[in-house]
Amino acid sequence: MFDKILIANRGEIALRVLRAAKELGIATVAVYSTADKEAMHVKLADESVCIGPPPARESYLNVPALLAACEITGADAVHPGYGFLAENARFADILAEHGIAFIGPKAEHIRLMGDKIEAKRTAARLGIPCVPGSAGAIADEAEAAKVAAEIGYPVLVKAAAGGGGRGMRVANSADELADALANAKMEAKAAFGDDAVYLEKYLAKPRHIEFQVLGDGKGRAIHLGERDCSLQRRHQKVWEEGPSPALNAAQREEIGGVCARAMAELGYVGVGTIEFLFENGGFYFIEMNTRIQVEHPVTEMITGIDLVNEQIKIAAGSPLSIAQEDVRIQGAAIECRLNAEHPGTFMPSPGRISYFHPPGGLGVRVDSAAYQGYVIPPYYDSLIGKLIVHGRNRTEALMRLRRALDEFVVEGVETTLPLYRTLVRNLDVQNGQYDIHWLEGFLESDEAKAARA
Amino acid sequence: MKKPSVKPAVASEAGGFDLAVVAGLAKIAAANDLSEVEVEREGMRIRVARERHTIAATHVLAAPPGAVAAAPMMAAPPNLLAAETAIDAVDNPGTVKSPMVGTAYLRPTPDAKPFVEVGATVKAGDKLMLVEAMKTFNEIVAHRSGKLTQIMIEDGAPVEYGQALMVIE
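First to last, the sequence lines map onto chains A and B.
Numbered according to our numbering, the first sequence spans residues 1 to 453.
Numbered according to our numbering, the second sequence spans residues 1 to 169.
Isolated chain B (complex conformation):
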């Protein structure tokens, strides 16, 4: 699924240090699995570094010097990491794929516990989540028994036909 480009957030300045920018850069770094993001504007340079826990992302986004929140960087899909994992999952027979277009819910009601959590043991036929379209909720059940190793989508995320939702190994 292709989503619209994220519009750059307007930074708020508070006495020299632009904390909103720093927070924004940290978010970008995490979302795109970057080890380092650096921007420079009007003589001020900000660099955010993080420790990467997962496998290297094949797309390394260099922050161009100049305006904060440069458009090319922002144009990278925010769920790139999810996309990377999804590529591995698509051919995996343990992948639970969405049979329909709709909104995914991981809990039966907003304040209830999620149907399943990562690490749980599931049996074939167990309820995993709901996909809702036009006020109708459809149950997604496990197609096989095993251990739930991945949940690729967030509660309330839009999903498309064939999208990888979870992996049962």
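In isolation and in its complexed conformation, chain A is listed as follows:
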């Protein structure tokens, strides 16, 4: 087992990793930019090292600084969290060259799934159903038109090097295709440095359903059920829940099984999430995330399994200790991402939290690095915490969420708490009747506008 883990991240996930490491009796090193000097996980870590000024490029993305920090503290493992270098294969390689463990998948699998075209090819090869689309990158307009005609409009032009909803353009008809192609390529080149694009059928009203997987790289892999993350704004997940209100046990078992077998065959190490669009009973693979995800607590609440703990044990060489038949989905869990943003305009609202009272009680979990007096720096994302509730069924979870949201007080900065208070009282949300377009439609509605007034 590792002696000392260096946490190469910040905010709530850094605190999450710290908690898991401490519970395993592993020493912790927090690295931080000058802007994060007062971060909660920095205070709680056994050791801390300032690695640079606020800009991520000079701190959290600064590989030499991270390596030097490992060197001077003697850390033998690095946990990358999510974002930053979590899916940077080169970083994983460099750590390996220096004899430091990377708590994550093999670099080759990060690379494989990072290329969205290769990821799809691999998924198809492993028996995972995919969205109908081009076989690979689109060479030119003519090929695009041909493929689009075959799969049928509307189509989606997607960046091969993209992900997380970026570098995508819809073409509703043949007339729109040329523009969609050109714009997507331009955005892809600017954002990812690679303008390779591929085509997919655009699904009208799908749900976003993702499966959590866990593998030990020794031929064993399991699935831990799904999370429904359909409620999104600008491709950012806002509300996640598990199990999905739209799936039954048979569907879960079927697709979950396909995912688990695929990961076992691949020899996948650690945690991962296989994302699908789900429409009319059909699952369509869109991408795989080779990291721990923001919404992992939803799965932890319904399975009772500590995912970061499993990540660390597997990275240290332990075989998977959980068999598929031991995984039980119990009750329902819902997570709300608390952002320091104006609830109506979503404008970032950094600053000092003057009053902070998180909710408590049975089945209520708050994963947050915020505290009263904490100053949210303006340099990073606006996520200040997650509120996760668990109930014996979805109705109980919803009642608990409503109660917990009403109890949660954050003053001094704007937060998205009011949005969640509105959502939990909304009939469609209560009935689980939503797709990936629902939230944006709702935000434009009179009901939402009135709530903001």
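Note that these hints are calculated values from the structure, not bench results.
Misleading hints may appear alongside valid ones.
[Unchecked claim] The calculated lysine-lysine pairs, modelled on DSSO-like cross-linking and capped at a C-alpha distance of 30 Å, are:
| # | chain 1 | residue 1 | chain 2 | residue 2 |
| --- | --- | --- | --- | --- |
| 1 | A | Lys37 | B | Lys97 |
| 2 | A | Lys43 | B | Lys97 |
| 3 | B | Lys2 | A | Lys4 |
| 4 | B | Lys3 | A | Lys4 |
| 5 | B | Lys135 | A | Lys4 |
| 6 | B | Lys127 | B | Lys3 |
| 7 | B | Lys27 | A | Lys43 |
| 8 | A | Lys43 | B | Lys2 |
| 9 | A | Lys37 | B | Lys2 |
| 10 | B | Lys135 | A | Lys106 |
| 11 | B | Lys135 | A | Lys37 |
| 12 | A | Lys185 | A | Lys201 |
| 13 | A | Lys4 | B | Lys27 |
| 14 | B | Lys3 | A | Lys37 |
[What the hints assert, rightly or not] Covered, in the sense of this in silico footprint (three residues per stretch, anywhere, with C-beta under 8 Å from a C-beta of chain B), are these stretches of chain A:
| # | segment |
| --- | --- |
| 15 | 45-55 |
| 16 | 68-79 |
[What the hints assert, rightly or not] From the derived model, a few chain A residues whose C-beta atoms are all more than 10 Å from chain B:
| # | residue |
| --- | --- |
| 17 | Gly83 |
| 18 | Ser318 |
| 19 | Arg328 |
Ideal Cβ positions, reconstructed from N, Cα and C, are used throughout, including at glycine.
Following the hints, position chain B against chain A.
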């Protein structure tokens, strides 16, 4: 930079007087700029007193009666004095701050003379020290001319980004 807590040293007893304990207490007193440290165990009480030359430390650590090397005392960062001085130095325009994470070396090679000593006059651009990371040595040069009044770190000490290294007045 936060460093791990110092683990209490195991005292060796030699006929009544525990010299290791006395030496340990003297070290603690000096490191934390205390005028007096006193411990008591099994009827034996040891008190170490020293003359303090520098400005009073704002943290006075009272040694709780009881076990030698009590954990709360040991938990005080060993470089508290350095931290106190560093607080004054951080805003001082003469402070040379580390631009990177690594290990600081005050000499070009282990047996050579240090690059500079306290009291030396330096010119802007003069080599002050090295910070090494992953076998690569980076020169730290003076950002201004003046008199080198403080060296806050020891040869071979780990340093972090922004850490105060030296002061040139």
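Taking the hints in turn, this is what the structure says about them:
1. A:Lys37 - B:Lys97: Holds. A:Lys37 to B:Lys97 sits at ~16 Å (cutoff 30 Å).
2. A:Lys43 - B:Lys97: With a Cα-Cα distance of about 22 Å, the restraint between A:Lys43 and B:Lys97 holds, given a limit of 30 Å.
3. B:Lys2 - A:Lys4: 15 Å, holds
4. B:Lys3 - A:Lys4: Distance of about 13 Å is within 30 Å: holds.
5. B:Lys135 - A:Lys4: Holds. B:Lys135 to A:Lys4 sits at ~22 Å (cutoff 30 Å).
6. B:Lys127 - B:Lys3: 28 Å, holds
7. B:Lys27 - A:Lys43: Given that 30 Å is the threshold and the Cα spacing comes to 27 Å, the pair holds.
8. A:Lys43 - B:Lys2: 9 Å, holds
9. A:Lys37 - B:Lys2: 11 Å, holds
10. B:Lys135 - A:Lys106: Given pair B:Lys135, A:Lys106 holds - Cα atoms ~26 Å apart, limit 30 Å.
11. B:Lys135 - A:Lys37: Holds: B:Lys135 and A:Lys37 sit about 28 Å apart, inside 30 Å.
12. A:Lys185 - A:Lys201: 18 Å, holds
13. A:Lys4 - B:Lys27: At roughly 28 Å apart (the allowed maximum being 30 Å), B:Lys27 and A:Lys4 satisfy the hint.
14. B:Lys3 - A:Lys37: It holds: about 15 Å lies between the C-alpha atoms, which stays within 30 Å.
15. 45-55: Holds: 9 residues of the segment 45-55 of chain A have a Cβ under 8 Å from chain B.
16. 68-79: Since three or more residues must qualify, the claim that chain B covers the segment 68-79 of chain A holds, with 5 doing so at under 8 Å.
17. Gly83: Label holds. Min Cβ-Cβ 21 Å, cutoff 10 Å.
18. Ser318: 26 Å, holds
19. Arg328: 40 Å, holds
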